[in-house]
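Could you build all of it, start to finish, from the sequences and the hints given here?
Going by our numbering, the first residue of the sequence shown is number 39, and it counts up by one from there.
Treat the hints with care, as some may be off.
Computed list of lysine to any residue pairs in SDA-like fashion (alpha-carbon distance at most 25 Å, straight line) [to be verified]: (1) 154 / 186; (2) 361 / 382; (3) 269 / 337; (4) 154 / 374; (5) 105 / 123; (6) 190 / 375; (7) 265 / 374; (8) 368 / 268; (9) 404 / 349; (10) 145 / 268; (11) 351 / 452; (12) 190 / 148; (13) 246 / 309; (14) 303 / 130; (15) 245 / 295; (16) 245 / 159; (17) 360 / 337; (18) 325 / 446; (19) 305 / 285.
By construction, these hints were calculated from the structure, which means they are not laboratory data.
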Amino acid sequence: MLVDFVNQELVSNSDKYKWIREIFKFTNDADDHMASKDWYVSIFNGFDERKFTISEYERQTNEFEAKLVAVGVLLPSENIFSKNIRLDYTKYKAKIILDKIRSEVLKPDFEEVQTKELTPNEYFSLLDNSNHSIKGFSDKFLTKIPPITISKAAFHLVQQCIELLSLEIRISDNNEISSDLSARLVSNDAEEQAGSLSPLPHTAFIKKSITTLFEIYTCLRYNYHYKNITKIGHLCVVYFNDMMYLTLFAEYLLSMDYLDPKAVKEKELIQLMTDSGKQVLELWLHKTCASEIKSIIDQIRGFDNIQSANSYKVSEIKTALKKVVYYISKTSSSINKALVTKEIHNLIVGYLLDLFLNCVIDELCKLNSIGARESEILNELLDFNNMVLGADVPGTDEFEINATYINSLEKYHQIIDILVLNMKDIVKRHKLGLLASVDSNTVHINIFNFEYFKDSCSIILAKKDGKEREKKEKSEETPDLATHGISRCVNQSASCAG
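See the structure below:
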């Protein structure tokens, strides 16, 4: 910048330019000089304070450079600053904005704001002219933002993007400032594509800087605050909300040609933000939540040795199951405080419930044998409604219970029913397709039926030499799972389903 050049080369190096140093000191006592020396005010304070148009800034800079040429400081061919003033000023402002966002992203305070409370005026609050607006901003962006909680850092990033867009007006050739921030950027692009204008370096730099803002947030926010975010589910959800929010804003900029919709980098950036939000949320679910739920279930040390409904083992199982439900309920409440969309809330809670059910299924699969009475106790104890909705834990009434969000729900119901069904009923269910969720592989299903249920079926159809044979019904009572062992049935189901 010219100011740096003057300070370093002119002011510091020689008494030859003492007059220049004196001019730079005018601000304290030079009211009477203002009329003739306004040009260097813009060099010190920038035209941010003076509200100059680029034309006025260029005129004053040209005057200053002319004086430097006159005293032999510059050669006539060296007055490059005024020729690149648009790009130089854009770089100067962009650096300030990028530094602000970098500092904001690295702050550990994690302040939050709700999107539903943000008005258009707050988005434009950094602009000098309160009448500025972005074409279609309210309709095409604000109406698409769900009522969620985001970090103030993400909101400030959007504000700074708008500030960058306003630069196109601030350095306009026109003395009258347009009230539409999109007018310059869009019209310039259209003219450039039509060949009527050469590409404008400052416009390209503005777009590049906006992309850089998104990259700074995506690359630094999570990585720098990794330990805090991964420990607290609420912060994971807010980060996910941030990425959703910034992705919607980036898509809006692309739709309005503020960013180049044909540029590969912009498309990759949107994918990067989307993936980053999902990965952080999934990492928390897979690592933190899954580990917590599994550790609680592991404390049960299996579902065997159940002697009666009032035994210590049953009490131990009930306590562990209630702990898991309480953990999921507290997580659900934390998510609600983060104000996610209902769909995201249901997906998260559904995933946690799915983890829970699969842990229970795994424990059932470890059983080698179980008696009829024990089967009945487990059937009642592990019934989904009793285990989850009847656990007397606050917040469970907010759970959205359906197979859309809980993948293994139907499979779980069928396996719990198998605990008390006789083999005839199990085979009937299979023939009706009710066990499809347990085992979807038809080849394995046939083996499963024939090998494990043939001794309890009244009629088993088999083909030999192209003829059907009817097997004699066995006289003994149909055995329950006490005879066959639940592990064989469930293990086979699990292996087939896998």
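Outcome of the hint check:
Of the pairs offered as hints, the one joining residue 154 and residue 186 holds, with about 7 Å between alpha carbons and a cut-off of 25 Å not exceeded. Simply put, residue 361 and residue 382 have alpha-carbon atoms about 23 Å apart, close enough for the 25 Å limit, and the pair holds. The straight-line distance between the Cα atoms of residue 269 and residue 337 is roughly 22 Å, inside the 25 Å bound, and the hint therefore holds. Pair hint residue 154 plus residue 374 holds up; C-alpha atoms about 15 Å apart against a cutoff of 25 Å.
For a cut-off of 25 Å, the pair hint linking residue 105 to residue 123 stands: about 18 Å separates their Cα positions. This hinted pair checks out: residue 190 and residue 375 have alpha carbons roughly 16 Å apart, not beyond 25 Å. Our distance criterion of 25 Å between C-alpha atoms is met by residue 265 and residue 374, whose separation comes to about 22 Å. For the hint linking residue 368 to residue 268, the alpha-carbon distance of about 17 Å falls within 25 Å, and the restraint holds.
Proximity of residue 404 to residue 349 is assessed by CA-CA distance (about 20 Å); at most 25 Å being required, the pair is judged to hold. For the proposed pair residue 145 and residue 268, the alpha carbon gap of about 16 Å is at most 25 Å, so the pair holds. Among the hinted pairs, residue 351 with residue 452 is consistent with the structure: their alpha-carbon atoms are about 24 Å apart, no more than 25 Å. Under the criterion of a C-alpha separation no larger than 25 Å, the hint pairing residue 190 with residue 148 is consistent with the structure, at around 8 Å.
The suggested pairing of residue 246 with residue 309 holds, with an alpha-carbon distance near 17 Å, which does not exceed 25 Å. Distance restraint check for residue 303 and residue 130: the Cα-Cα separation of roughly 24 Å lies within the 25 Å cut-off, and the hinted pair is therefore satisfied. A threshold of 25 Å between alpha carbons decides the hint, and for residue 245 with residue 295 the separation of about 10 Å falls inside it, so the pair holds. This hinted pair checks out: residue 245 and residue 159 have alpha carbons roughly 23 Å apart, not beyond 25 Å.
A C-alpha spacing of about 13 Å is found between residue 360 and residue 337, which places the hinted pair at or below 25 Å, so the restraint holds. The suggested pairing of residue 325 with residue 446 holds, with an alpha-carbon distance near 19 Å, which does not exceed 25 Å. Between the alpha carbons of residue 305 and residue 285 the distance comes to roughly 10 Å, so the proposed pair stays at or under 25 Å and holds.
Hint violations for this structure: none, all hints satisfied.
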